[in-house]
Amino acid sequence: MGDKQSTISDIVKNYYNNYGLRAKELKGEGKQFIGYVCSLVPLEIITASGCIPFRVRGSVYEPITRGDTLLETIVCPYYRSVFDLSVKGKYDFLSGMVIPHGCDSMVRSFSAWSYGLPFSYFHFVNIPSVCDESSFEFFDSELGAFKKSLEKFTGKAITEEHLRQAIRVHNENRDKVRALYELRKTDPPLISGTELTMTLTAGSSLPIEESNDLFDQVLTGVKGRKNSLPQKGPRIFIDGACLDNIELIKLVEELGGNVVADTICNGARDHLPKTDVGGDSIEALSRRYLGKVNCPKTYRANKAGTFEGDIANRFGDIGTYAREFKADGAILYVYKYCDPFGFEVPARKAYYHSLNLPLLHLEDIYSAGTMGQLRTRVQAFLEMIG
Amino acid sequence: MSFVLGIDIGSAQSKGVILGDQGSLGSFECASGGDFKLTAEKIREELLSQAERSVDDISRTVATGYGSKLVIFADEIKSDIVCLAKGVSSLLPSVRTAIDIGDLYTKVLRTDGHGNVHSFILSGKCAGGSGRILQVIARVLQVKVDEIGELSLKSKKRVEFNTGCAVFAETEAISRLSQEVAKEDLLAGLHRALAAQINSLAERLGVEQDVAMVGGGARDIGLIRAVKEIRGHDILVPPHPHMIAALGAALIARESLTIQD
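Going down the list, the sequences are from chains A and B.
Going by the working numbering, the first residue of the first sequence is number 3, and it counts up by one from there.
Going by the working numbering, the first residue of the second sequence is number 102, and it counts up by one from there.
Honestly, the hints are just simulated from the structure, not real lab data.
One thing to keep in mind: the hints can contain errors.
To be verified - Cut-off 20 angstroms, straight-line C-alpha distance, at most; resulting in silico cross-link-like pairs (DMTMM-like, lysine to aspartate or glutamate):
(1) A:Lys92 with A:Glu64
(2) A:Lys294 with A:Glu385
(3) A:Lys150 with A:Glu285
(4) B:Lys170 with A:Glu256
(5) A:Lys15 with A:Glu285
(6) B:Lys170 with A:Glu255
(7) A:Lys351 with B:Glu304
(8) A:Lys351 with B:Glu142
(9) A:Lys234 with A:Glu174
(10) B:Lys170 with A:Glu326
Stated by the list, open to error - Below, a sample of chain A positions facing chain B; criterion: calculated Cβ distance under 8 angstroms:
(11) Leu28
(12) Gly32
(13) Glu162
(14) Thr378
(15) Arg379
(16) Gln381
For glycine and all other residues, C-beta sits at the position ideal for the given N, C-alpha and C.
Start from the sequences and build out the full structure, keeping to the hints where you can.
This is the structure in structure tokens:
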């Protein structure tokens, strides 16, 4: 491992641990960062407006305190943690906040965000709950409204050319993420799940061009390694919502497994689907965010007519990834009170059964304190499939 | 002649088994206490003395359980799920589903009869539905925990016990006692509440017969009867059900010796 490799790994760790570091620097230079949660906010529109999208994170190490005085505990602990850090001022360098209809908690808490935080711009993106032709028509005009709200905020028009340029640079970012994922296909993988998730998380705090540079450097660094860091072990697929803290992935890898693929929001769900180019940009974004981002919050009608056919349609991406990355087992990791995933657990279990892929279902509360309890389960699971 | 140890450091009780070529040469159980390292040492000493052997005679030690990391002399650490499957399959090869009633968790696992695990599930993060509730109730009723089973079988009157929570169970038990509910009726009610939780966990995993119950809680014949009643089929219980994980650990230790040879 050369000096260059350790340098880039230190840069990633630094951005991961001091999340928002670069945003604070650039704010000093007059840049405006717009915070967002979830995989469903069309980041290209923010980029096209001249602002910089910034994914706000929670912390599994920080007890939720002030947030719980403004949000009830029926909200999932991940989202409560994100809110708690925000009201404690961690993200005060942001100029605005965009929240999509990613789950019931996001809709219902939007007013709490807009009253509780000092930003000058707030916007709620109404994502349709179903995925029909009429939903796309609605979503097209909803994205038009989002665009207008940003134009009003910045005082500058967003042209079709701005949007095309933003789509291009965000698609480049997704190509790079795809290239990072390709490094996981060997056995053992060339990049650990911990490193990869840290890299993607660091990237989501940077301007998209800097994120592209960072991913390029990580790609070069990993390819230049003399010895592959991970050792052989059971190849694990992680299915779940947003794992913006690496603790679970790290735990799997400490216990001898390798996390090789996922559906997580700050992983494959968010970073792999690309936006189509060539047509109308708003329509293309609407197709990507509603049609291609496979989130359990969207109801997709049962076109197969059978339960087996329906789960194969809804969760087909899991099977594709599991085969592509040769997963030996899967962990379905669900936060307590996560309604979109919670409702799907039995159907997802049935789908894993149909794939003949061993599954460990974990319910967690977004706290580093539960890692000991998870350790028992993960260790037994790895021994079971190993 | 080779000797192996299996040591299971549980959250409440710690267990150990020593195996020779011909089978078990001794077993030992004690409270885990506050110093797991010391407890592990004590178990080893006791097992060696039962088998009349010295530390140097032991070819391999496998540790399992909540405190397994603190068995510093162990050659390998294995999860208790894997050890339980190995242990139960060696004694009851027809078993396909094993229910382990531990102090902290209840665990249900599916096995193929050769000690391989197909799937498993653990009870929630609190001690609800685990063996801890039996200890709590024993203290409230001022009876010994190993007397609970026999006593509950004497129940004449059906009492509904509503909670499976180890904390609220104490409150509920005290309020029932103040209503002059008999101890045996209260215990039988608690066993039914616990059995319902255990059954629900097992159903979530899926049950294939034969079914065995193991772990410290499986020494409670009242609980076994309640689980049998709710499931409507027989439940097998191996001798010394609390020793199964330690036995499994020892068997794994012996297997890896054979592989190394």
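Hints, verified against the model:
Using a Cα cut-off of 20 angstroms, the hinted pair Lys92 of chain A and Glu64 of chain A holds, with the two alpha carbons roughly 12 angstroms apart. Only pairs whose Cα atoms come within 20 angstroms are accepted, and Lys294 of chain A paired with Glu385 of chain A is rejected, the gap being roughly 35 angstroms. As the CA atoms of Lys150 of chain A and Glu285 of chain A are separated by approximately 15 angstroms, the hinted pair is consistent with the 20 angstroms bound. Only pairs whose Cα atoms come within 20 angstroms are accepted, and Lys170 of chain B paired with Glu256 of chain A is accepted, the gap being roughly 14 angstroms.
Under the criterion of a C-alpha separation no larger than 20 angstroms, the hint pairing Lys15 of chain A with Glu285 of chain A is inconsistent with the structure, at around 37 angstroms. Of the supplied pair hints, the one linking Lys170 of chain B and Glu255 of chain A holds, its CA atoms being roughly 18 angstroms apart against a limit of 20 angstroms. A C-alpha spacing of about 14 angstroms is found between Lys351 of chain A and Glu304 of chain B, which places the hinted pair at or below 20 angstroms, so the restraint holds. For the given pair, Lys351 of chain A sits about 43 angstroms from Glu142 of chain B by alpha-carbon distance, which is inconsistent with the 20 angstroms threshold.
A C-alpha spacing of about 31 angstroms is found between Lys234 of chain A and Glu174 of chain A, which places the hinted pair above 20 angstroms, so the restraint is violated. Proximity of Lys170 of chain B to Glu326 of chain A is assessed by CA-CA distance (about 36 angstroms); at most 20 angstroms being required, the pair is judged violated. At about 41 angstroms, the closest approach between the beta carbon of Leu28 of chain A and any beta carbon in chain B exceeds 8 angstroms, and the interface hint on this residue is violated. Nearest Cβ of chain B to the Cβ of Gly32 of chain A: about 48 angstroms, over the 8 angstroms cut. The hint is violated.
Given the 8 angstroms rule on beta carbons, the hint for Glu162 of chain A is violated: about 52 angstroms separates it from the nearest Cβ of chain B. Given hint, Thr378 of chain A at the interface with chain B, holds; its Cβ is 7 angstroms from that chain's nearest Cβ, closer than 8 angstroms. Annotation: interface hint on Arg379 of chain A holds; nearest CB of chain B at approximately 6 angstroms, less than 8 angstroms. Checking Gln381 of chain A against chain B: minimum C-beta separation of about 5 angstroms stays under 8 angstroms; hint holds.
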